[in-house]
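Trainee: Protein chains in written order, with our numbering: chain A, 10 to 328; chain B, 10 to 328.
Keep in mind that the hints were calculated from the coordinates and are not lab data. Values in this document were obtained by computation on a predicted structure and should not be read as measured data. Careful: at least some of the hints might be erroneous.
Chain copies aren't distinguished; within one or between two, either way the pair holds.
[Stated by the list, open to error] Computed cross-link-like contacts, SDA-like style, restricted to lysine to any residue with a CA-CA straight-line distance of at most 25 Å:
1. K101 x Y297
2. K66 x I108
3. K34 x G138
4. K101 x N303
5. K246 x G222
6. K140 x I91
7. K140 x K160
8. K101 x V299
9. K140 x S165
10. K140 x T89
Number of protein chains: 2
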Amino acid sequence: LKDYVVGLDIGGTKLAAGLFDLNLKEISFIKCDTEAFRGGQVVVENCKAIVHQVLEKSGISRDRVASIGISSPGPLDTHTGIVTYVETIGWKNVPIRSIMEEEFNVSVVLENDANAAALAENVRGAGEGTKNMIYITVSTGVGSGIILEKKLYRGSHDAAGEFGHICIVPGGRPCGCGNRGCLQSYASGTALANAARAGITAGENSAILLKAGGIPEKIHAFQVEEAAKENDAFAIKLWEEMGYHLGLGISILVQLFDPDRIVIGGGMSRAWDLFYGSMMESVRSNTYEVLSENLQVVPALLGDKAGVFGAATLGIAIV
Amino acid sequence: LKDYVVGLDIGGTKLAAGLFDLNLKEISFIKCDTEAFRGGQVVVENCKAIVHQVLEKSGISRDRVASIGISSPGPLDTHTGIVTYVETIGWKNVPIRSIMEEEFNVSVVLENDANAAALAENVRGAGEGTKNMIYITVSTGVGSGIILEKKLYRGSHDAAGEFGHICIVPGGRPCGCGNRGCLQSYASGTALANAARAGITAGENSAILLKAGGIPEKIHAFQVEEAAKENDAFAIKLWEEMGYHLGLGISILVQLFDPDRIVIGGGMSRAWDLFYGSMMESVRSNTYEVLSENLQVVPALLGDKAGVFGAATLGIAIV
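Extracted from the complex, chain A is given alone in its bound form (with noise of 0.2 Å):
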C-alpha cells in the first residue's frame, strides 16, 4: 500500500521535509540547515538526508511512499525536473527530480517556490475556498503564485508571474535583472534597506542608523521594521512608500486577473501593519471600484511549512 507522500522545500538557508498521507494530514516535519556554504553537491546529499529522515521520524516504511513533492528556488523546469540556476545554493542545471527518483524509487515532481506556496496557501491556508487566488511573496526579492480555477497557473514557458519583476515605474530604478523600474526595485526588503540608506546618507535624521551600529551599509530591512515600530518618522515613511508601491502592483493583478483574495506571505508580509494602510490606499486609488470593494488582500497563514505542504500538495495530485 502506497498511502503517504513526501514533500520536500528546498530554500537557501533551510531546507524542511514533511510525511503526509493522501489527505494532506502532517505525520511528521523536520527542518535542518541547506549548508549552501559547502556547495551544491552538498545541497543534493542533504536533500536526500532529510527525506529519510523525516521517514525515519514517522515510523512509516519506505515503501509506503507513493510520490515526493519539491519545492525549489527556481528558475527551473517542472518538465524535465531540472533546476536551471540557483546563485545561493550553488545548483547549476541540478537534475533534482530523477536524483530523487532514483534515490527513493518513486515518482517525483518539481515545482518552483512561489507556485508551491501559492497553491499550499489555497489548499489549506489563507486562500481556501477561493478560486482566483493570487499568491505574492514579499523577502529580499518578489515573486508570485498565481492560482486560476482552483488549479496553478503556469504560462506557456513555466514563466508566469513574475510579479516582482513587471515595470511599475517607466524608466525607473535599475533592477538586477537589467531593467528597470521592476516592481521588486521599490517594494521588497532589498528596496527597502536601500532606500533608508540612501535617506541616510542624504542625511534623514533616523534611529535605524543607530540600530545598524553607525554604519549605513549595515543596514538591513529588519531594522527599518524596528524603527518604524518605535515611531520613527522616516522608518514609517518607507514602509507606507513600499505599501504604495505594492498597492501599485496589486492593482495591476487586480484588474487583469479579477481575483476573490490576494494572499501576501514573505518575511516582509509579518510587518503588515506597517504597510498595509498605504497599499489598500494605492489599490483603491489604481482599479475600478466594483473591484477592490470585492477584493480581499490578506496575509499568507502558512509561514515556513508553506512549501512543504504544497510541496506534498503537487505529490499528492501524481499519485
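For chain A, the structure is supplied; the task is to place chain B on it using the hints.
Mentor: Below, chain B without anything else, positioned relative to chain A:
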C-alpha cells in the same frame, strides 16, 4: 434538426449578424447601422431585425437554429444576460439575452465584445493554434480578452482583462474612469488625438492641423495616421510614443501571463507599421529576454468579423 447558430455583434455604429453551421462555417452575413441616435429601444428592435434578416438571406428555416451568441460592449453580466450600461447605444440594464430568447425561442449566450473577439481570433484568426493568448483591442479605448489553456478567462466577477485601465504611469494623466495613469490615456485613439491637439496648441508644426481644417478641436486619430504616413515628424513621434506605452503594458502581460502570443486588433491596429517598432523595443526592454524572445505579437486577422465569429463560437458551445 437544429444544426445552425447565429452570431450577433452589437457595436456602437454597426450591427452585424452571421449564420453558421456547427463547424463554424459561415452561411450568410449581413451588417446594418445600429441607429443608436434613435435610442436604446430602437437598437433592441434592430438587433431582432438583423437576426431575422440573416436567416431570411440564408434560406435556412428558423427552427433549425440551435442558439444565438451575442457580442456586446460592456459592462454586462454573462450570468444574467443583462447589459448593465452602454452610453453609446443608450442601454441601461437591458436584458438582451431574455429578449432574444423570447423572440427566437432558442438559448442565447451573452459575452462582452473583447472576450468574443479574443475567442474568435483564438479559434480561427491570428491566435489559431495557441494555448495562452491575449487579444488586445486598441481603438477609441483599449480592452482585452484573455484566453488561457484555450478557454476564455473571465475572472471572479466577469471583470478580468481590464488592460486599458492598468496604471502604467503612477500619478499620470487623468483617465475617464476616474483614476490616473491608465494605459488607455497613453495608447488609444483618444489619447493620440489628445496628444496631437495638445502639441499643436503648444506650437508644434505639423500637417495634422491642416488635415483638421486648421481647427485643433477637430483633430482625430485618423489624421495623425495620415500625417505620419506622409512623413510628418510630429505625427511619427506621437505614434512612436503610443507604441512605447502600449509596449509597456504588453510587457506586464508577458511577465504575468507568459503567453504564446499577443494579438492586437481594433481600429488603431491598422496603422501597424507606425507603432510596431517602438512597441517591441519597449516590450523587450521591460521583459525577461527569454520571454520576449519566444513571444509573438501579431495583428488580428478577423477585423470586423471577429465579434460575429466569437459570438457564434459561444453559441456553438451551448448547443
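Trainee: If a hint holds in the structure, say so; if it doesn't, say that too.
Mentor: Here is how each hint holds up against the structure:
In the homo-oligomer, the alpha carbons of K101 and Y297 lie at most 25 Å apart only across protomers (19 Å), although the nearest pairing inside one protomer, at 44 Å, exceeds that limit. Taking identical chains as interchangeable, the C-alpha atoms of K66 and I108 lie at most 25 Å apart only when both belong to the same chain, with a minimum of 22 Å there against 66 Å between chains. For the homomeric pair K34 and G138, the shortest alpha-carbon distance inside one copy (18 Å) is at most 25 Å, but the shortest distance between copies (41 Å) is not. Taking CA atoms no more than 25 Å apart as the test, K101 paired with N303 passes between copies only; the shortest distance there is 22 Å, against 43 Å inside one copy.
Taking the shortest alpha-carbon separations for K246 and G222, only the intra-copy value of 21 Å comes in at or below 25 Å, while the best inter-copy value is 52 Å. In the homo-oligomer, the alpha carbons of K140 and I91 lie at most 25 Å apart only across protomers (24 Å), although the nearest pairing inside one protomer, at 30 Å, exceeds that limit. When the C-alpha separation of K140 and K160 is checked against a cutoff of 25 Å, the pair qualifies both within a copy, at 8 Å, and between copies, at 16 Å. When the C-alpha separation of K101 and V299 is checked against a cutoff of 25 Å, the pair qualifies only between copies, where the shortest distance is 17 Å, while the shortest distance within a copy is 46 Å.
With identical chains, the CA atoms of K140 and S165 are at most 25 Å apart both within one copy (21 Å) and between copies (8 Å). Taking the closest pair of Cα atoms, K140 and T89 come within 25 Å of each other only across two copies (20 Å); inside a single copy the shortest separation is 28 Å, beyond that limit.
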